[in-house]
Amino acid sequence: TASGRILHAQDELRSSGTLVIEGNVNIDAGTLFVDSSSSRVGIGTLSPDGILHLDNDTADTILVLEKDVATTAEIVFHNAGSQAGQIQLDSSEHLTIENDTESSDIIFTVNRSGSPNLSLLTLDSSAAELLIEGNIGFVGGTARTIAVGTSGVGVAGSNLSIAGGVAGTSPSNLNGGDVLIDGGAKVNSGADGDVLLATTRGLVGVGTTTPTELLEVAGTASGRVVYATDSLRSSGTLVWETSASGASLWV
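Each residue of the sequence shown is one higher than the last, beginning at 3 in the numbering used here.
Keep in mind that the hints were calculated from the coordinates and are not lab data. Note that CB positions come from ideal geometry on N, CA and C, so glycine has one too. There's no promise every hint is true.
Listed next, with one range per pair, are the computed distances between beta-carbon atoms [as the list claims (entries may be wrong)]: (1) Ser121 to Ala86: 37 to 43 Å; (2) Asp102 to Thr124: 25 to 31 Å; (3) Val150 to Ser93: 31 to 37 Å.
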């Protein structure tokens, strides 16, 4: 056993058994620092604020988890000794965020001051996709907007497409998914929410991608009441069923 207030080794300090250090550990002026009073470890800092604190001074601080081909790299979170969640780069190089706790959520929060954004980007913007298995919900009492971002100078705006699900591959006949747009349901004596099309900017086409009128229907339009403020026109035949069918016509 060797002990002393200062134990100095010119080249290296080794122990064939257990090397016990009581008190703080400071290696290479803060390259690795152990604060014994708070049980915290600092890498690049002498004042760690958490159980592990990394600080690369004025340079970028980068934490690297290295993996080999066909292996995974993971950060695993435990709750009372049991795995509760993980962030994983799997063997196929897919990055997944997983919550293993039943009935608990994965929540992304951005600072609400100013104009915060949560951006999902890919290096190849033409192949960018957001795939969701389940529902999308918006909370809060204020208006929420889904919009395609502003294009660059001299670049036309991008389209926003909403489509039902495509049927899977099968030898049998399968239906595609519908697109349902519905207003919010009322509570007690309140009013149900409406479905509104902001037609002040552009035209609306049903069955056509090149409408020439404010509302153009390429096909058959029918209803219990069809109302037009100024005129009701048809480029084909306008059919009115007689009163025998319970229909009426006011001119």
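**OP:** Could you tell me which of the hints above the structure violates, numbers in ascending order?
**Re:** Of the numbered hints, just 1 does not hold.
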